[in-house]
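K.L.:
With the hints as a guide, dock the two chains, each given alone in a separate frame, to form the complex.
Chains U and L supply the protein sequences, listed in that same order. In terms of this note's numbering, the numbers along the first sequence are unbroken and rise by one, the last being 393. In terms of this note's numbering, the numbers along the second sequence are unbroken and rise by one, the last being 531.
It cannot be assumed that every hint is accurate.
Short, incomplete list of chain U residues facing chain L, as computed with Cβ under 7 Å [to be verified]:
id : residue
1  : Phe148
2  : Ala158
3  : Phe159
4  : Phe259
These aren't lab readings, by the way, just hints derived from the structure by calculation. Each residue gets a CB set at the ideal place from its N, CA and C atoms; glycine is no exception.
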Amino acid sequence: MIESARTLRNRCAIVGAGNSRLGQVPGVSSLDLFMEAAAHALEDAGLRVRDIDGLITRGPDDAYCHHQQIGERLGLNARFSTSLDNGGASQILAVAVAVMAIEAGLATTVLCGYGRDAWSRTHTSAAARVKNQTRPDSQHDQEFGPEFGYFGAVAAHAFGARRHMHEFGTTREDFAEIAMAFREHAIRNPQAQSRKPLSPEDYFNARLIVSPFGLYDCSLRSDGAGAVIVTSTERARGLRPRPVLIRGFGSHNNLTGWFANDNMIRTAAFESGQAAYRMAGIAPSEVDTVQLYDCFTYMVLVQLEDYGFCGKGEGGAFVRSGALRLGGTLPANTSGGQLAEAHVEGMLQIVEGVRQLRGCYAPERQVSNAEIALVSGHGGNQVCHSTLILQAG
Amino acid sequence: MAHLVPKPVPRASAESRPFWDGVQERKLLLQHCRSCGNYWFPPSALCRHCLSPQSDWREVSGRGRIYSFVVYHRLYHPAFEQDLPYVVAIVALQEGPRLLSNIAGTPWQEIRCDLPVRVAFGDDGRGMMVPQFSICDE
Ligand SMILES: [Zn+2]
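For reference, chain L alone in the conformation it holds in the complex (with noise of 0.2 Å):
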């Protein structure tokens, strides 16, 4: 079903440029810092645990956990209105990041938080791919 209203395209910084670029080829990208091998999220150009400016962008497993999860029930862009009510999570990546995203294919009465999740990808109308979430086995 078509948007009528489109939803919000993510702005790429700079610095985040890369990450949407590894998502656009389906592929979940996090900054690994060459120093002291730490993850982080979301993307900045120091590490956040060393401050080294040593870092490459790897691809991650994309599995993790939910940490904690809300229902959207009220709405507060047009664009989301045929989705209502639409679970937002933080996820908590095997990686050590946590990002916020959407948990595709379940039920929102069936989420918990600690279930096990691993990434997909989706358009969903936007005309951009944005890393999505789905349940998965342990």
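One chain only, chain U, in its complex shape (with noise of 0.2 Å):
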């Protein structure tokens, strides 16, 4: 077995966090989205543009070299950036590499971020609702799939919920209690872009998208951003904020592909994971509150079981548990995650842990004795993970 560099373990920590305006945010850039929320994150960690030697992003979904666009408006000549390319599973890979560039001496603090408008790209008119991309056309398939009338990631998720449905019994239930719980915490969270409480009949009666998944199943589409500044712990310490520190990362990428073995209902999850659990030298019993990527409520579940919160082919039990709800045995989204605060391709999870560590939400958002978070993110062709775990320092 392929050990991870334990020597890594706590050796960084994220000294700020920042999102910009969530939601919808018409007439303004994502890359003015990310500024804002790069703003904010400098702020909340007292530092300025001259403190930063590092930047690492994820484009836009339609973006060329996005960390040189994001560099000359923040007005920085960077040791080390770059901007990475696994989907959803690159905001947590920018933490992870980050850690690696300041501990090979390439980089002090490092920012980390990403921007979307993804609400208003699929709002400009009525045909780019219909087609709800986020993507230009050249970046799609061009044979094997639109013939078919096969488009978007509804879909490809749905195929793995189904499939787990199949295997495992797991049911349509299991997945409205995620999207209640996670609307329950949405409730709390004043930026939230969905914050009507969201009853058992509003699941099974809402339109049925692409089956098994219905309107409540789906992430939201929202335009925002979300930054955080890594830096060595040594130097964490000496700033102001509560520093949260980096106790473990992993990665993991199906290349082989989402339709390839059992990867859609054995994801990469679970070797992500394994690796994260093996630097941080932890148990998944340890684990406080779980930021999960939830782009559907199907993944949730599937992340449950890979994450080994419960075993393959239980998570319908566990979440019918309550256990995701804030107060359960594993408070899961605690802002809403994407299904309802908003959608930011996992950058929002991470903000959204640091809070949580830091122990700065009032009693009715904040997880009692939060000390260790695991914060996940998925993306690419569906085949690409990422995992942080941190730790309240």
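P.N.:
Structure (structure tokens):
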């Protein structure tokens, strides 16, 4: 077995976290949303742009050399900068690469972030609404898909949900509990996009999108951005905010494809999680809160299994126990997640993990005694995964 | 019934051209490795099992099972409006490779994972044949 680098455990910390306006922010580009989030993260850390010497971004879905565009707006010459291409797994990977760059002596303080204008992009016209695409046509398949009416990420994940239901008896009731739990969290979050209570009737009466997914199994289309600042734990001790230590991270990419083997029901979260647990030196039972990549309800359920919070096939029973709710045994997506707060491709899950570990919320939104948070990222063509384990500093 | 908006025509690449040529003759052809004997899909120059460049196109059984399927209730493309709700399935062929397709001739409520299917071919107003599948006996 390959050993992950335990020497990186707690070597670096997140010292600033911020987000832009979220939800429907028409007339603001994804780059300017990123800048808003970056400014808030800097302010949170008590740092200026001149204190930053590293920049890791992921482009919005149509950008070339995204980090250059952000660096230009920041007025930053970076010792280390790049933009990543692992879809929704990029944001956590950015934090992991920042740790590696800092440890390699290539940078001291790295800004990591992502911004997107997915709501604006899919609501510019009736045709854009129907297509519901955030990427340009040229990036989509030209054969072996569109001729069969296969479009969009909803269907890709719905295939996994359907197979999981078939193999393990998972039901839409299980998915409903995830949607309702996260919505309940969003109601406590004033900046969340969806704050109306969601009942089982609402869930089951909602229109089907690509079954087994209905409307409330699907995450939001959002404009928004998030950013975090990573530096060495040593430097972090000299800064104003309470640092959040990067205890471990992992990554795994099933590049053979989502349709290959059983990748859609035993996802790359398993190997990514194993790597992160090894680096962190902890077991799943030591995690106090999870912020999981919830592009669809099913992805939460399958990741809970793959991360070892319950056995394979037991995700339905686990969520129905109420575990994911604030006050439950494993409070999850306490901001409302991408299903109810805003969908910024996993970036806001890192921000929420940091805030929970700082204990900065009022009691109704705070995970009590939160010491360890696990954050996940998932994306690309559904096969890229990354994991971050954070610890209160 | 005529389609007001034509369905998307697959844009073949140099590598996939033989596949589509086969489909026009109602044949399902896959690349078969002369070194290791495996089949693969989608088409590419080297064998996905052993990277051998020595392959030929062989007609396969057209038999397989539904690994998973989804039902589109929401419209993403105007050409599929009158098909709603329609099924898109991942078909696992007996020879190993999996491909996306539609399941024709069975109401969507009766489709299940692991049901056996066989290839059928349809034009569907597109001016070009595409492989589809129908539920069959074991
Ligand atoms: Zn071979």
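K.L.:
Check each numbered hint against the structure and report the violated ones by number, ascending.
P.N.:
Violated: none.
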